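Those protein sequence lines, which keep their order, are chains A and B.
37 is the number that this note's numbering gives to position 37 of the first sequence; each next residue is one higher, with no gaps.
72 is the number that this note's numbering gives to position 72 of the second sequence; each next residue is one higher, with no gaps.
Just so you know, these hints were derived from the structure itself, not from any lab.
Remember, it's a predicted structure, so these values are computed and weren't measured experimentally.
You may find that some hints are simply not true.
[Claimed, not checked] Here are the in silico distance ranges between beta carbons for each label pair:
| id | chain 1 | residue 1 | chain 2 | residue 2 | range |
| --- | --- | --- | --- | --- | --- |
| 1 | A | 61 | B | 111 | 31 to 39 angstroms |
| 2 | A | 16 | B | 7 | 36 to 44 angstroms |
| 3 | B | 15 | A | 77 | 41 to 49 angstroms |
| 4 | A | 16 | B | 80 | 27 to 35 angstroms |
| 5 | B | 15 | A | 16 | 47 to 55 angstroms |
| 6 | A | 59 | B | 70 | 28 to 36 angstroms |
| 7 | A | 3 | B | 10 | 26 to 34 angstroms |
| 8 | A | 9 | B | 84 | 18 to 26 angstroms |
| 9 | B | 82 | A | 69 | 39 to 47 angstroms |
| 10 | A | 84 | B | 62 | 36 to 44 angstroms |
| 11 | B | 69 | A | 14 | 45 to 53 angstroms |
| 12 | B | 26 | A | 61 | 25 to 33 angstroms |
| 13 | B | 84 | A | 67 | 34 to 42 angstroms |
Note that the Cβ used here is the ideal one computed from N, Cα and C, for glycine as well.
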Amino acid sequence: KAGVTQTPRYLIKTRGQQVTLSCSPISGHRSVSWYQQTPGQGLQFLFEYFSETQRNKGNFPGRFSGRQFSNSRSEMNVSTLELGDSALYLCASSSTSGGVETQYFGPGTRLLVL
Amino acid sequence: AQSVAQPEDQVNVAEGNPLTVKCTYSVSGNPYLFWYVQYPNRGLQFLLKYITGDNLVKGSYGFEAEFNKSQTSFHLKKPSALVSDSALYFCAVRDIGGNNRLAFGKGNQVVVIP
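For reference, chain A alone in the conformation it holds in the complex (with noise of 0.2 angstroms):
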């Protein structure tokens, strides 16, 4: 099976502006979850989908939105970025949203905003 992809890769943006980052998760997985990592603060959760209901919202501005279509391909939004937003996006899908099972990652999306 091909893996969790994430499109772009790597992204220049500038404070204000707003960016789209897309995520496919591994055939057959319905959860999808995004996280962020920085140097700072680590990997932080940001969200999880699941049948395109957002399950779960970590502690971040509502400026970090998202959402999951039917194929349970998902995007994330962040609106007006900040420099702080400048980070590696990582998005993870599982097969269910119950149970324990395991999430695998994508490669991430790099985002710098200058």
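Given chain A, work out where chain B should sit, using these hints.
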């Protein structure tokens, strides 16, 4: 809230020597614990997980982890380290409540010296 701690920033080990990366956890209820590895400019790769059962869990690439309930620890081990094991290692615990939210430790940089 569920949490894990990785007390060391960096672990240096000579090639061929045993490798141990430490993780302690704090949870309410049964812990569901994971180890991931991250190579430079890559996403996280799953190594192993503990749900229940045997305290010694075997995973990918020759890694194993020992679950110790009395010490609330889940240390990652490898009997003989390789230079290619040099990477960033993350311990994680799954949130309660049937969702896939993971709380990660800060990560440990492992350096295997030839």
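(request) Sort out which numbered hints this structure fails and list those numbers smallest first. (result) 4
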